[in-house]
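Protein chains: 2
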Amino acid sequence: MTTIKDVANLAGVSVATVSRVINERGYVHADTRKKVEEAVKQLNFSPNEVARSLYKRKSKLIGLLLPDIANPYFPQLARGVEDRMQEQEFRLIFGNSDEDEQKEKDYIQTFIQNNVVGVISSTNYPHSSIYENLKIPVVFLDRTPLDSPSVFADGREGGRLAAREIIKRGSRRITVMQGPAHIKPAQDRFEGAIESIRQAGLDYRVIQTTSFSFNDVGLWADELFSKYGDTDGVIASNDIAAMAVLHEALRIGKKVPEDMQIIGFDDIPMSSLLSPGLSTIRQPAYEMGREAAGLLIKLVEQAPIENKHIQLPVSFIERGTTRKVNSDG
Amino acid sequence: MTTIKDVANLAGVSVATVSRVINERGYVHADTRKKVEEAVKQLNFSPNEVARSLYKRKSKLIGLLLPDIANPYFPQLARGVEDRMQEQEFRLIFGNSDEDEQKEKDYIQTFIQNNVVGVISSTNYPHSSIYENLKIPVVFLDRTPLDSPSVFADGREGGRLAAREIIKRGSRRITVMQGPAHIKPAQDRFEGAIESIRQAGLDYRVIQTTSFSFNDVGLWADELFSKYGDTDGVIASNDIAAMAVLHEALRIGKKVPEDMQIIGFDDIPMSSLLSPGLSTIRQPAYEMGREAAGLLIKLVEQAPIENKHIQLPVSFIERGTTRKVNSDG
Chain A
1 MTTIKDVANL AGVSVATVSR VINERGYVHA DTRKKVEEAV KQLNFSPNEV ARSLYKRKSK
61 LIGLLLPDIA NPYFPQLARG VEDRMQEQEF RLIFGNSDED EQKEKDYIQT FIQNNVVGVI
121 SSTNYPHSSI YENLKIPVVF LDRTPLDSPS VFADGREGGR LAAREIIKRG SRRITVMQGP
181 AHIKPAQDRF EGAIESIRQA GLDYRVIQTT SFSFNDVGLW ADELFSKYGD TDGVIASNDI
241 AAMAVLHEAL RIGKKVPEDM QIIGFDDIPM SSLLSPGLST IRQPAYEMGR EAAGLLIKLV
301 EQAPIENKHI QLPVSFIERG TTRKVNSDG
Chain B
1 MTTIKDVANL AGVSVATVSR VINERGYVHA DTRKKVEEAV KQLNFSPNEV ARSLYKRKSK
61 LIGLLLPDIA NPYFPQLARG VEDRMQEQEF RLIFGNSDED EQKEKDYIQT FIQNNVVGVI
121 SSTNYPHSSI YENLKIPVVF LDRTPLDSPS VFADGREGGR LAAREIIKRG SRRITVMQGP
181 AHIKPAQDRF EGAIESIRQA GLDYRVIQTT SFSFNDVGLW ADELFSKYGD TDGVIASNDI
241 AAMAVLHEAL RIGKKVPEDM QIIGFDDIPM SSLLSPGLST IRQPAYEMGR EAAGLLIKLV
301 EQAPIENKHI QLPVSFIERG TTRKVNSDG
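Going line by line, the protein sequences match chains A and B. At position 153 of the first sequence the residue is numbered 153 (UniProt numbering), and the sequence of numbers has no breaks. At position 13 of the second sequence the residue is numbered 13 (UniProt numbering), and the sequence of numbers has no breaks.
Heads up, some of the hints might be wrong.
Note: identical chains are not told apart, hence a pair may lie in one copy or across any two.
[Said to hold, decoys possible] Below, computed lysine to aspartate or glutamate pairings styled on DMTMM-like, alpha-carbon distance capped at 25 Å:
#1 K103 with D68
#2 K34 with E157
#3 K103 with E87
#4 K254 with E318
#5 K184 with E287
#6 K41 with E101
#7 K60 with D106
#8 K324 with E248
#9 K41 with D100
#10 K5 with E157
#11 K298 with D147
#12 K298 with E248
Just so you know, these hints were derived from the structure itself, not from any lab.
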């Protein structure tokens, strides 16, 4: 294994000088710095990050907490964060909280104990004491505590948009799937949807769901059809729930979109691969990830920040589970 | 912030004693240990993991490298690893290599520099020098270098099984999608499939693909139908590719499974939510993750190991994209 002494020998300088270069501390002449950097490169020397971070109290490591990597929405967020971080040579470690508050605390603890310089958290528990006591910057992603830096999509407008589009296309007996109560963005979009349905003077039915997991969505789809078999329009809590509704509708012989329209939420990558393709409200997940990373980098580097709440727009993606406008609407 | 001194004061012992308890090093009387542990708990004291691991040279942190978290197969693996690790209080940090060798090296470096005690890697580059030089145990997951501890499914048998099942159900003009050349399990299943097709005395056509990404699968589905429009059976390289083929088949008016049967690979969670449901070869991803974690824990704890190559069986999951046996076969 290469040691700092090998680097010093090759560069023809003292160990202390190599240390100053590596730790970016104290004065080193530019020529000397260059020699050391070349020796580091040539020997493929990797200083022990732990020792370095103890000394410098500074790493370029960021912790990213996701609530559920099995939901294809979150890997898109993660990719955005990762790509943006990589541009400035920050590295990322992930934790998957599984929407469990204790697991989340454990991961944040792990991040801190490994000297991350900042955290991006898609948490359902932004008011948890663990965030309050953190001494490093946190950006909340896809979750919106009012007082902290955050990046999110306009969920309420997304709900309104889903309702307007499905009504415009002729649905009159609409069922709205209400996402898990502890997931704030799911509640925002639910409230937006019923706001627009009420404004249109229509009635609506609600199916309450308690998770977004693949194991459960089939059950709620069953419940929907057994309770509200005459429904002609479903606003799903997300694309996974919409997939389950579409599957069940086709299985029992409904025609989609003729008998029943379905609108999802998120626009996960597989939405376009369904048959018919899923109409949905798109959240710009990749861009949200990039924005959160950009905001956190600014916080870490103590750069000036114009806006610590970044809201990105949602949009309606028209595919095959909704009818063409004007043909029925 | 709570310090080790606060803990010592509350427990009525010296700082050195607290240190011995925390670092599980040297003799401490059981009663004293209990007092310290209670003080730690009461003060919610979290010793700096970095300082601890420097001192003890031992953490309970594991690094898990995944090639692509956007492919829903990998979050299932990750969940298995996580659940098993948690049972023995190991913690996990993730890296997502995006099937890029340089990114993979960077993540392994990050893991090491943060003093992980072991690595689980779903790598496409198991022979990379970075693994050779690691001084901590590595378990390869879903990838099978012959000389290193590994957990994998029987991909070749999976390929054979897909071919046997599709032939038994009447397909005669079969197209096999060959996965990316650098992904060994994809090549195994490809070779298994053509082996069984040849044994049945049938001809076959091949579509070569270079990635599993959602952005690209649609193109290969297009290519398949424009080149081999008369094909009556598709063995897809994985479930995502199968989804794209199913989507395109239905779009151009083919009846599935009457005109064309499709078999996927993996059994990702959304396979059952497609319409018709996707018939596929199941890899027991969750169980594979658990086995890999169990094997790594044994290696870390230097426990005796009976078998360092754990192969799990694959199975045929019959859904709606294949015909009932005996009706056409």
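Each hint tested on the structure:
1. K103 with D68: Classified as both: same-chain Cα gap 12 Å, cross-chain 23 Å, threshold 25 Å.
2. K34 with E157: Neither: 54 Å inside a copy, 55 Å across copies.
3. K103 with E87: Cα proximity of K103 and E87: across copies only (13 Å, versus 30 Å in one copy).
4. K254 with E318: both (20 Å within a copy, 23 Å between copies)
5. K184 with E287: Within one copy only: 20 Å inside, 33 Å across.
6. K41 with E101: Only across copies: K41 and E101 sit 19 Å apart there, 43 Å inside one copy, limit 25 Å.
7. K60 with D106: both (21 Å within a copy, 12 Å between copies)
8. K324 with E248: Answer is both; intra-copy 22 Å and inter-copy 21 Å each pass.
9. K41 with D100: between (43 Å within a copy, 21 Å between copies)
10. K5 with E157: Intra 60 Å, inter 52 Å, cutoff 25 Å: neither.
11. K298 with D147: Answer is within; shortest intra-copy Cα gap is 17 Å, inter-copy 46 Å.
12. K298 with E248: So K298 and E248 fail the 25 Å test inside a copy (47 Å) and across (45 Å) alike.
Comparing the model with each numbered hint stated earlier shows that hints 2, 10, 12 do not hold.
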